[in-house]
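In this note's numbering, the protein residues as written are 1 to 138.
Since the hints were derived computationally from the structure, they do not count as laboratory data.
The reader is advised that the hints may include incorrect statements.
What the hints assert, rightly or not - The calculated DSS-like cross-link candidates involving lysine-lysine, where the alpha carbons are at most 30 Å apart (straight line), are:
| id | residue 1 | residue 2 |
| --- | --- | --- |
| 1 | K21 | K39 |
| 2 | K39 | K13 |
| 3 | K74 | K13 |
| 4 | K74 | K21 |
| 5 | K39 | K74 |
| 6 | K58 | K13 |
| 7 | K39 | K58 |
| 8 | K21 | K58 |
| 9 | K58 | K74 |
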Amino acid sequence: MLEMPATLDAVVKDLASVGSKAFLVGGAVIDAIQGREVKDWDVEVCGIRLDALIDILKRHGNANYVGKCFGVVKLYAADHEYDFNLPRRETKTGQGHKDFEMEFDPALTPIEAAERRDLTINSMFYDLSTGILNDPFG
1 MLEMPATLDA VVKDLASVGS KAFLVGGAVI DAIQGREVKD WDVEVCGIRL DALIDILKRH
61 GNANYVGKCF GVVKLYAADH EYDFNLPRRE TKTGQGHKDF EMEFDPALTP IEAAERRDLT
121 INSMFYDLST GILNDPFG
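Please put together the full structure from these sequences, using the hints given.
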């Protein structure tokens, strides 16, 4: 279903070596299912602290913690740009679409992290180690 770029494959192996799991999430999963080229590589990583994630990503390119509100670390590698994030819960704090309190928790399971997603199709995740597509709410 998915041909993983060399950099991402190496990152996934490094993450697995420290007991972490990496999952493709968001529109990238939908693109892969439909056989389209994945352009936005969004990866959620469970079982690792932010500082340890950044250290691993720096081995593979330029890693910058750019999305502090959403816990996003951007990796600029030779083959692609990637967005990595830690799993999180969101609690609505007001009426606006930006009125959320975020709680980052590397111990969340992918299913627990997917509960916050706006649509069930966006809650799907693809295990980059096993190649298994998970659709927890579909």
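**Asked** Would the pair K74 and K21 pass a check requiring their Cα atoms to be no farther apart than 30 Å?
**Response** holds, 17 Å
**Prompt:** Is it true that the CA of K58 sits at most 30 Å from the CA of K13?
**Reply:** holds, 14 Å
**Request:** For the pair supplied as a hint, K39 and K58, confirm whether the alpha-carbon distance does not exceed 30 Å.
**Result:** holds, 21 Å
**Prompt:** Within 30 Å, alpha carbon to alpha carbon, are K58 and K74?
**Reply:** Within the cut-off at roughly 10 Å; holds.
**Asked** Is K39 close enough to K13, meaning Cα to Cα at most 30 Å?
**Response** Holds. K39 to K13 sits at ~21 Å (cutoff 30 Å).
**Prompt:** Does the alpha-carbon distance linking K39 and K74 stay inside the 30 Å limit?
**Reply:** Within the cut-off at roughly 14 Å; holds.
**Asked** For the pair supplied as a hint, K21 and K58, is the alpha-carbon distance within the 30 Å limit?
**Response** Holds. K21 to K58 sits at ~18 Å (cutoff 30 Å).
**Asked** Are the Cα atoms of K21 and K39 separated by 30 Å or less?
**Response** Holds. K21 to K39 sits at ~21 Å (cutoff 30 Å).
**Request:** For the pair supplied as a hint, K74 and K13, confirm whether the alpha-carbon distance does not exceed 30 Å.
**Result:** Status holds; Cα separation ~18 Å.
Consistency note: the structure conflicts with none of the earlier hints.
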